[in-house]
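Chains A and B, in that order, are what the protein sequence lines are.
So the first sequence is numbered by the numbering used here: it starts at 206 and just counts up by one.
So the second sequence is numbered by the numbering used here: it starts at 726 and just counts up by one.
Possibly wrong hints are sitting among the right ones.
One-sided and incomplete, this derived list gives chain B residues near chain A with beta-carbon spacing under 8 Å [unchecked claim]: (1) G754; (2) Y757; (3) Q767; (4) P769; (5) E770; (6) Y771; (7) H774; (8) R806; (9) A808; (10) Y812; (11) G822; (12) L825; (13) F827; (14) Q829; (15) G830.
In case anyone wonders, no lab produced these hints; they're calculated from the structure.
For glycine and all other residues, C-beta sits at the position ideal for the given N, C-alpha and C.
Residue strings, one per chain:
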Amino acid sequence: NAGVTQTPKFQVLKTGQSMTLQCAQDMNHNSMYWYRQDPGMGLRLIYYSASEGTTDKGEVPNGYNVSRLNKREFSLRLESAAPSQTSVYFCASRRLGGRVRDSYTQPQHFGDGTRLSIL
Amino acid sequence: DAKTTQPNSMESNEEEPVHLPCNHSTISGTDYIHWYRQLPSQGPEYVIHGLTSNVNNRMASLAIAEDRKSSTLILHRATLRDAAVYYCILRDRSNQGGKLIFGQGTELSVKP
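With these hints in hand, go ahead and build the complete structure from the sequences.
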């Protein structure tokens, strides 16, 4: 049981290149999330998918696209990378419980991050 | 989601208790208080959550003030492995997507 797996772990890009960050979870979770973390700061939400077939913008969606490929996988794409997108990217997933209050009590489970540098 | 305020950093000695405070004076009646921590070079991990009553689990205890305007995460015996950034986050019923809004958190250092 690997939990949330992110690939790659490290990547260096040149400005203008494109790249897809992959995330997969094996916990049969419904919701998945992409965050970025800049040095000395907390995480900021980029996009999320509350359930398979839906995606929504978070706090900082500009410059990114996402695809919820199936229940297990949620990818993040940078179409034209910019130095401002240098960051550590975290994927997370969350189970949707059967009770209404589960929407605000079920915890998120995070991957170990992708460290992305854009030159 | 309502805002939380935490000290930027705290220090503790190994094997001593640690009390990490969080102020949330604008908390609403339906806000749950969640704590996550982030070890160096890792993703955040869930620690504990509560609504009104104090909560205990294998990782920590959560003490919630009677007026719910503040809470304290208690690590009963700090270990070197507990050195991390601790985030206090509020989540309410309007947050249907389960999103987490992270603040700066408290960086805890543990001295041997």
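Hint check results:
Of the supplied interface hints, the one on B:G754 is violated, with its beta-carbon coming no nearer than about 13 Å to a beta-carbon of chain A, more than 8 Å. The criterion of a C-beta within 8 Å of any C-beta in chain A is met by B:Y757, whose closest approach is roughly 5 Å, and the hint holds. Interface restraint check for B:Q767: the shortest CB-CB distance to chain A comes to about 6 Å, inside 8 Å, so the restraint holds. For the restraint placing B:P769 at the interface with chain A, the shortest Cβ-Cβ distance is roughly 5 Å, inside the 8 Å limit, so the hint holds.
At about 7 Å, the closest approach between the beta carbon of B:E770 and any beta carbon in chain A falls short of 8 Å, and the interface hint on this residue holds. Given the 8 Å rule on beta carbons, the hint for B:Y771 holds: about 4 Å separates it from the nearest Cβ of chain A. A distance limit of 8 Å between C-beta atoms decides the matter here; for B:H774 the minimum to chain A is near 6 Å, and the interface restraint holds. Nearest Cβ of chain A to the Cβ of B:R806: about 16 Å, over the 8 Å cut. The hint is violated.
At about 16 Å, the closest approach between the beta carbon of B:A808 and any beta carbon in chain A exceeds 8 Å, and the interface hint on this residue is violated. Annotation: interface hint on B:Y812 holds; nearest CB of chain A at approximately 6 Å, less than 8 Å. At its closest, the beta carbon of B:G822 sits 5 Å from a beta carbon of chain A; the interface hint therefore holds under the 8 Å criterion. Nearest Cβ of chain A to the Cβ of B:L825: about 6 Å, under the 8 Å cut. The hint holds.
Because the closest C-beta pair between B:F827 and chain A is about 3 Å apart, less than 8 Å, the hint holds. Taking 8 Å as the C-beta contact cut-off toward chain A, the hint placing B:Q829 at the interface holds, the least distance being around 6 Å. Taken as an interface hint, B:G830 checks out: its beta carbon lies about 6 Å from the nearest beta carbon of chain A, inside 8 Å.
When held up to the earlier numbered hints, the structure conflicts with 1, 8, 9 and fits the remainder.
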